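Student: Listed here are the chains, written in short residue letters.
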Amino acid sequence: NAGVTQTPKFQVLKTGQSMTLQCAQDMNHEYMSWYRQDPGMGLRLIHYSVGAGITDQGEVPNGYNVSRSTTEDFPLRLLSAAPSQTSVYFCASRRDGEAFFGQGTRLTVV
Amino acid sequence: AQSVAQPEDQVNVAEGNPLTVKCTYSVSGNPYLFWYVQYPNRGLQFLLKYITGDNLVKGSYGFEAEFNKSQTSFHLKKPSALVSDSALYFCAVRDSTDSWGKLQFGAGTQVVVTP
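Protein chains in written order, with the numbering used here: chain A, 3 to 112; chain B, 4 to 118.
There may be inaccurate statements among the hints.
What follows is a list of derived Cβ distance ranges for each label pair [claimed, not checked]:
no.	chain 1	residue 1	chain 2	residue 2	range
1	B	Ser63	A	Ala54	30 to 36 Å
2	B	Pro43	A	Ala84	25 to 31 Å
3	A	Ala54	B	Pro82	40 to 46 Å
4	B	Ser73	A	Arg108	39 to 45 Å
5	A	Met43	B	Gln74	23 to 29 Å
6	B	Lys61	A	Gly18	24 to 30 Å
7	A	Phe12	B	Ser87	42 to 48 Å
8	B	Lys80	A	Pro41	45 to 51 Å
9	A	Asp58	B	Pro82	37 to 43 Å
Simulated from the structure, these hints should not be mistaken for laboratory data.
Just so it is clear, the structure is predicted and the values come from calculations on it, not from any experiment.
For glycine and all other residues, C-beta sits at the position ideal for the given N, C-alpha and C.
Looking at chain A on its own, in the form it has when it is part of the complex (with noise of 0.2 Å):
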């Protein structure tokens, strides 16, 4: 059972590109959601989906688009990557009760 996967681990893109941050999970969870970690400010989040096809804006939504084709997979697209963006993303899943966390990916934006 691989829980929440999120690829790639590391990323570094210049001012401008864009990008698609990847993450599944394999334990039929509805609910599915990115946040972005920045220190001293917590887990933020960026938008949520409740199920397939279901989406919705969190917290900091501004540069980010997301998709939920599958119950599975719920990538996250950056399109404009800009400085701002530099942090660390995690994904998360979860049915009814306590969120399961991917490991994460450090995006780095010069």
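Chain A is fixed; fit chain B onto it per the hints.
Tutor: Quick look at chain B alone, frame taken from chain A:
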């Protein structure tokens, strides 16, 4: 909207002493409360949760937390801290009235346990 406050950026404790990490929350409905721990360069690991029932909740690695409705608090405790408990701890809350079930995190408290 829900919110969570962790008033201490860092807690220092000697090994063997009791450890307390504070958390207060604000919700419109009933709170669903969680504690997570993060070790360096790792994801968040679930420690314990309060949904309903007994106010004292026991979790992983000897941790427990007490739900106090009147003080809107959910402090994390461990009777005897270990050096290996040094990590970043997050409190989180969901509001029962939020149909989307969003999870709100506090800013985190760094725990440093010295030998």
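Student: With 42 to 48 Å as the target window, see if phenylalanine 12 (chain A) and serine 87 (chain B) comply at their CB atoms.
Tutor: violated (26 Å)
Student: Confirm or reject the claim that alanine 54 (chain A) and proline 82 (chain B) have a C-beta distance inside 40 to 46 Å.
Tutor: This hint holds: roughly 45 Å between Cβ atoms.
Student: So the hint says 30 to 36 Å: do the beta-carbon atoms of serine 63 (chain B) and alanine 54 (chain A) match that?
Tutor: holds (31 Å)
Student: Starting from the range 25 to 31 Å, see whether the pair proline 43 (chain B) and alanine 84 (chain A) falls in it by beta-carbon distance.
Tutor: holds (27 Å)
Student: Cβ-Cβ distance between lysine 80 (chain B) and proline 41 (chain A): within 45 to 51 Å?
Tutor: Because 26 Å falls outside the window, the suggested range is violated.
Student: Could you tell me whether the CB distance from serine 73 (chain B) to arginine 108 (chain A) stays inside 39 to 45 Å?
Tutor: holds (41 Å)
Student: Between the beta carbons of lysine 61 (chain B) and glycine 18 (chain A), is the distance compatible with 24 to 30 Å?
Tutor: violated (50 Å)
Student: Per the hint of 23 to 29 Å, is the separation of the Cβ atoms of methionine 43 (chain A) and glutamine 74 (chain B) within bounds?
Tutor: The hinted range 23 to 29 Å holds for methionine 43 (chain A) and glutamine 74 (chain B), with Cβ atoms some 25 Å apart.
Student: Between aspartate 58 (chain A) and proline 82 (chain B), does the C-beta distance stay in 37 to 43 Å?
Tutor: holds (41 Å)
Violation of the numbered hints given earlier is confined to hints 6, 7 and 8; the remaining hints are satisfied by the structure.
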